[in-house]
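J.: These are the residues of each chain, in order.
4 protein chains.
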Amino acid sequence: MKPLRILMIGDIVGRPGRTVIHEKLSFLKRKYEIDFTIANGENAAGGNGITEKVAQDLFISGIDFMTTGNHIWDNKDVFNFIDSEERIIRPANYPASPGKGYQIARIGQNCKIGILNISGRTFMPPLDCPFRTADKIINEIAKETKIIVVDFHAEATSEKIAMGWYLDGRASLVVGTHTHVQTADERILENGTAYITDIGMTGPINSVIGVEKDKVLYKFLTQMPVRFEVAGGPSEINGVVADIDKNTGRALRIQRIKE
Amino acid sequence: MKPLRILMIGDIVGRPGRTVIHEKLSFLKRKYEIDFTIANGENAAGGNGITEKVAQDLFISGIDFMTTGNHIWDNKDVFNFIDSEERIIRPANYPASPGKGYQIARIGQNCKIGILNISGRTFMPPLDCPFRTADKIINEIAKETKIIVVDFHAEATSEKIAMGWYLDGRASLVVGTHTHVQTADERILENGTAYITDIGMTGPINSVIGVEKDKVLYKFLTQMPVRFEVAGGPSEINGVVADIDKNTGRALRIQRIKE
Amino acid sequence: MKPLRILMIGDIVGRPGRTVIHEKLSFLKRKYEIDFTIANGENAAGGNGITEKVAQDLFISGIDFMTTGNHIWDNKDVFNFIDSEERIIRPANYPASPGKGYQIARIGQNCKIGILNISGRTFMPPLDCPFRTADKIINEIAKETKIIVVDFHAEATSEKIAMGWYLDGRASLVVGTHTHVQTADERILENGTAYITDIGMTGPINSVIGVEKDKVLYKFLTQMPVRFEVAGGPSEINGVVADIDKNTGRALRIQRIKE
Amino acid sequence: MKPLRILMIGDIVGRPGRTVIHEKLSFLKRKYEIDFTIANGENAAGGNGITEKVAQDLFISGIDFMTTGNHIWDNKDVFNFIDSEERIIRPANYPASPGKGYQIARIGQNCKIGILNISGRTFMPPLDCPFRTADKIINEIAKETKIIVVDFHAEATSEKIAMGWYLDGRASLVVGTHTHVQTADERILENGTAYITDIGMTGPINSVIGVEKDKVLYKFLTQMPVRFEVAGGPSEINGVVADIDKNTGRALRIQRIKE
Ligand SMILES: [Fe+2]
Ligand SMILES: [Fe+2]
Ligand SMILES: [Fe+2]
Ligand SMILES: [Fe+2]
Ligand SMILES: [Fe+2]
Ligand SMILES: [Fe+2]
Ligand SMILES: [Fe+2]
Ligand SMILES: [Fe+2]
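Residue numbers (the working numbering), protein chains in the order written: chain G, 20 to 278; chain E, 20 to 278; chain W, 20 to 278; chain D, 20 to 278.
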């Protein structure tokens with residue numbers, strides 16, 4: 020049986036990020052023969068949060084499902100649709116918030132995929148334990164499908180790699196997001212889980228993680244408040260393509276995308 | 020004139036890291052025709068700090084110069100030789116500490132290279148401003164040579180990328196260290212500085228940033244104190260090779276190494 | 020019926036802290052006609068952690084019960100007795116650790132007191148939610164007694180005051196510990212809970228929260244590692260005396276102690 | 020010669036804080052026979068920052084001088100007057116910002132007072148070293164007057180007490196602000212500097228450091244974004260009264276105020 024090929028795209032940042040998705044996603048999906056496309060959308064609306072309009076627009080551009088992260092609540096419009104839009108999840112370890120932390124989606128007639136979003140706690144707000152949350156939800160999802168993708172939205176490399184090992188053999192693909200810089204450590208772990216510390220972002224390359232560089236430098240040099248603005252110029256899509264064995268849920272291949 | 024080819028190696032972690040240096044460095048230097056080899060040695064002694072014995076051993080293995088980072092002071096032996104060993108520097112923005120934050124080294128008869136080590140402050144201790152420190156020292160070094168390598172030992176991707184842009188056109192090569200995970204964003208910035216957010220580590224691959232994974236998972240799951248131990252198993256060298264134009268100090272090429 | 024009078028003593032720091040307890044506690048208990056004495060013992064052994072010997076010694080000096088905090092695990096001897104010593108508790112929101120987070124103790128024949136220890140998370144490690152933990156345990160304790168004392172070991176004033184309001188009317192006394200500086204905001208909250216943000220420490224007054232001041236200044240000025248040592252010189256006991264109505268569990272009075 | 024009597028008032032929070040100043044300050048100044056009144060105004064406008072209108076209003080109410088802190092930049096109106104209003108200072112260790120970090124004010128014909136504002140760095144943004152900044156500026160002020168008041172706006176008790184000892188004998192009065200909770204450790208240090216870790220806030224007492232308690236509890240329980248609002252209900256003024264020997268600059272007395 021042909022493996023399932025998943026494209027997982029890093030944090031889409033503002034209009035430049037959305038534009039490069041509009042322009043290149045169809046082409047990429049054909050080029051890599053993608054079966055299912057997930058993207059992190061926490062920065063899709065002006066760099067902070069996501070609106071219903073932006074979300075629908077991205078779904079129309081070919082994204083099948085969206086994960087998010089700490090910026091999910093930045094644009095208040097999210098509260099209008101997070102509970103009804105089944106194709107968007109937020110970190111599962113928020114102790115009490117609208118929306119869902121995981122979802123099981125259909126791919127074609129016979130295939131189901133579980134998608135789980137979790138947030139780290141190192142250098143981040145103290146949500147519920149990401150490891151226990153992942154443990155519990157993956158046991159839940161495993162009752163329905165072996166194909167499980169985890170977006171671990173976290174800062175520290177140690178916490179992300181630890182999660183990779185923790186879920187090794189239980190998830191098909193564990194990707195990190197949040198740092199907006201793609202790492203070069205993609206691999207299949209010992210028990211068959213494809214892993215990468217961060218898939219990077221989708222947005223302007225001449226920037227500081229998507230933001231206009233002068234604004235960020237001013238911040239670091241003065242420690243004064245500054246309104247961050249999404250940078251202009253050329254953008255690229257960062258992400259990974261992973262092949263999953265439909266029978267076992269194990270990963271067969273993981274490849275970085277940067278184009 | 021042939022460009023200068025520099026090999027910059029990521030944090031060498033404990034005995035496994037040193038062993039892979041002993042076994043592979045000579046070969047790598049020949050393979051890539053390296054002119055000068057720098058390594059970050061902050062974790063060289065048992066994962067924490069560096070001793071004189073370990074340092075000399077690494078120099079004998081073919082490393083020409085060492086930068087360090089926040090772990091430099093972990094092994095008290097460092098205080099015995101940091102002031103006399105001219106081939107090791109510590110972050111320049113410690114406000115009052117032994118050792119030096121930069122050094123100008125000779126490569127052959129006619130070539131001088133300035134090496135600068137700085138530490139970030141985001142999610143790290145509040146040292147002096149890394150940007151102002153870099154600014155001042157690079158002006159100093161520039162009086163003697165145009166070939167300048169900066170090891171920015173920092174956690175946050177935003178701070179590291181901001182430093183890259185800040186020094187663009189003034190340094191030949193700016194590499195990040197500290198996260199122990201190599202990033203895939205190596206490039207030549209707009210004004211000729213070669214940049215990468217993190218060059219990764221040199222040590223055991225089946226680990227959490229060099230540490231035995233069970234210990235780290237225990238820590239994350241319990242928040243209890245635990246003695247971290249350097250992991251065993253296969254190791255690899257992570258780093259970058261950069262070509263620098265000797266006349267202009269500009270970078271011509273940057274390539275990731277992971278072997 | 021005469022109210023129950025509780026003496027709650029702030030973090031006992033090292034030998035100086037233990038000595039002032041030996042010297043003054045009996046006198047204080049007589050002077051204030053104390054029925055039950057609780058102390059925070061997380062720094063009792065050399066400033067870091069607690070040993071069985073130190074603990075027994077403090078019980079002999081007249082302390083009836085001990086709470087602790089983030090330093091509880093610093094001295095490894097604690098693992099030898101934390102599970103058997105019913106008079107010592109550790110923060111209840113450690114997700115998986117030895118020892119207990121609360122205890123119900125007897126005072127005389129007819130009176131039971133529930134003592135709960137929790138740790139904050141602001142500027143501290145990400146344990147389980149302190150508010151949910153408190154909620155759950157207080158419901159448990161309330162089945163057996165209305166007299167409930169909470170030691171909330173936390174850094175941020177906002178988190179501590181929030182806990183006071185959260186437990187107002189459900190606990191008899193909520194005291195903060197950890198900052199080692201007594202606050203002047205003791206009061207009875209609107210629904211009858213006695214509250215103070217921090218009861219201070221028991222140890223050397225010419226120090227920085229118990230530590231030799233030169234060591235701490237060296238640390239702040241250099242950001243270099245330094246071995247903290249408990250300071251010498253005169254010590255004082257910091258704490259509060261609270262009167263609890265035995266029938267309702269409500270606080271009638273709270274008074275700061277500094278002597 | 021009669022000592023100089025200074026009233027130093029803690030962070031004035033929003034309208035409730037300003038109202039209690041209007042209502043009680045004149046009375047307090049007469050009651051305590053105050054010569055000079057300083058207040059921390061970083062939260063004076065709606066809880067965040069300060070506007071010109073609010074500032075002038077507070078000066079009219081009897082405040083002679085204002086210090087601030089990390090919230091100084093929250094209301095953008097501050098940029099319109101911070102450079103021209105000589106009676107307001109901001110933390111001196113901002114590396115590059117408008118306004119001044121210290122000022123020398125006149126009290127009557129013959130008396131000058133130096134006022135210095137510094138921010139801590141523990142659990143706060145990485146400004147320049149507060150200790151070196153204080154050192155340098157106090158040497159500057161000392162050329163003109165021996166009467167020196169320092170507002171150290173900081174979070175950690177250790178950093179604040181360390182600053183007290185660091186300036187002992189060089190400043191007349193060192194007060195902490197920022198935690199909004201008054202501490203009970205006021206004293207004259209060994210070399211004559213009056214010190215207190217925090218003077219508390221001026222604002223609504225049934226609140227969490229000035230903010231409506233339900234909002235803060237919602238934040239702690241959910242980790243969701245929430246718009247903080249200044250609480251209502253009764254307010255009080257927190258601060259200290261200190262007597263300074265005009266000839267030596269040494270403190271003779273320090274007394275907490277809470278009314
Ligand atoms: Fe993001
Ligand atoms: Fe994020
Ligand atoms: Fe390292
Ligand atoms: Fe490091
Ligand atoms: Fe303590
Ligand atoms: Fe503590
Ligand atoms: Fe404030
Ligand atoms: Fe503040």
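It should be emphasised that the hints constitute simulated quantities derived from the structure, not laboratory data. There could be a bad hint or two in this list.
Identical copies go unnamed one by one, so any copy, or any two together, can satisfy a pair.
Calculated cross-link-like contacts (lysine to any residue; reagent style SDA-like; alpha-carbon spacing at most 20 Å) [stated by the list, open to error]:
id	residue 1	residue 2
1	LYS95	PRO117
2	LYS95	PHE247
3	LYS238	THR141
4	LYS155	LEU236
5	LYS234	ARG106
6	LYS155	LEU240
7	LYS232	GLU104
8	LYS95	TYR51
9	LYS234	ALA115
10	LYS43	ALA161
11	LYS232	GLU209
12	LYS119	ASN89
13	LYS155	HIS41
14	LYS48	ARG272
15	LYS277	GLU205
16	LYS234	LYS277
17	LYS95	ARG272
18	LYS234	GLU209
19	LYS48	GLN75
20	LYS238	PRO117
21	LYS155	PRO145
Just so you know, these numbers come straight off a predicted model, no measurement behind them.
J.: Please go over all the hints and tell whether each is borne out by the structure.
T.: Do the hints match the structure? See the list:
For the homomeric pair LYS95 and PRO117, the shortest alpha-carbon distance inside one copy (12 Å) is at most 20 Å, but the shortest distance between copies (33 Å) is not. Within a single copy, LYS95 and PHE247 get their C-alpha atoms as close as 18 Å, and across copies as close as 16 Å, so both meet the 20 Å cut-off. With identical chains, the CA atoms of LYS238 and THR141 are at most 20 Å apart between copies only, with a shortest distance of 12 Å across copies and 22 Å within one. Within a single copy, LYS155 and LEU236 get their C-alpha atoms only as close as 42 Å, which misses the 20 Å cut-off; across copies the closest is 16 Å, which meets it.
Taking the shortest alpha-carbon separations for LYS234 and ARG106, neither the intra-copy value of 34 Å nor the inter-copy value of 30 Å comes in at or below 20 Å. When the C-alpha separation of LYS155 and LEU240 is checked against a cutoff of 20 Å, the pair qualifies only between copies, where the shortest distance is 14 Å, while the shortest distance within a copy is 44 Å. Taking the closest pair of Cα atoms, LYS232 and GLU104 never come within 20 Å of each other, the shortest separation being 34 Å inside a single copy and 33 Å across copies. Neither within a single protomer nor between protomers do LYS95 and TYR51 lie at most 20 Å apart by alpha-carbon distance, with minima of 36 Å and 50 Å respectively.
With identical chains, the CA atoms of LYS234 and ALA115 are at most 20 Å apart between copies only, with a shortest distance of 15 Å across copies and 34 Å within one. In this assembly of identical chains, the alpha carbons of LYS43 and ALA161 never lie at most 20 Å apart, being 33 Å within a copy and 43 Å across copies at closest. For the homomeric pair LYS232 and GLU209, the shortest alpha-carbon distance between copies (13 Å) is at most 20 Å, but the shortest distance inside one copy (40 Å) is not. In this assembly of identical chains, LYS119 and ASN89 lie within 20 Å of each other by CA distance solely inside one copy; the values are 14 Å within and 33 Å between copies.
Taking CA atoms no more than 20 Å apart as the test, LYS155 paired with HIS41 passes in neither setting, with 36 Å inside one copy and 44 Å between copies. In this assembly of identical chains, the alpha carbons of LYS48 and ARG272 lie at most 20 Å apart only when taken from the same copy (17 Å versus 31 Å across copies). When the C-alpha separation of LYS277 and GLU205 is checked against a cutoff of 20 Å, the pair qualifies both within a copy, at 13 Å, and between copies, at 12 Å. Taking the shortest alpha-carbon separations for LYS234 and LYS277, neither the intra-copy value of 25 Å nor the inter-copy value of 34 Å comes in at or below 20 Å.
For the homomeric pair LYS95 and ARG272, neither the shortest alpha-carbon distance inside one copy (38 Å) nor that between copies (45 Å) is at most 20 Å. In this assembly of identical chains, LYS234 and GLU209 lie within 20 Å of each other by CA distance solely across copies; the values are 18 Å between and 43 Å within a copy. Taking the shortest alpha-carbon separations for LYS48 and GLN75, only the intra-copy value of 18 Å comes in at or below 20 Å, while the best inter-copy value is 52 Å. For a Cα distance limit of 20 Å, the shortest separation of LYS238 from PRO117 across copies, 14 Å, qualifies, whereas the shortest one inside one copy, 33 Å, does not.
Within a single copy, LYS155 and PRO145 get their C-alpha atoms as close as 18 Å, and across copies as close as 19 Å, so both meet the 20 Å cut-off.
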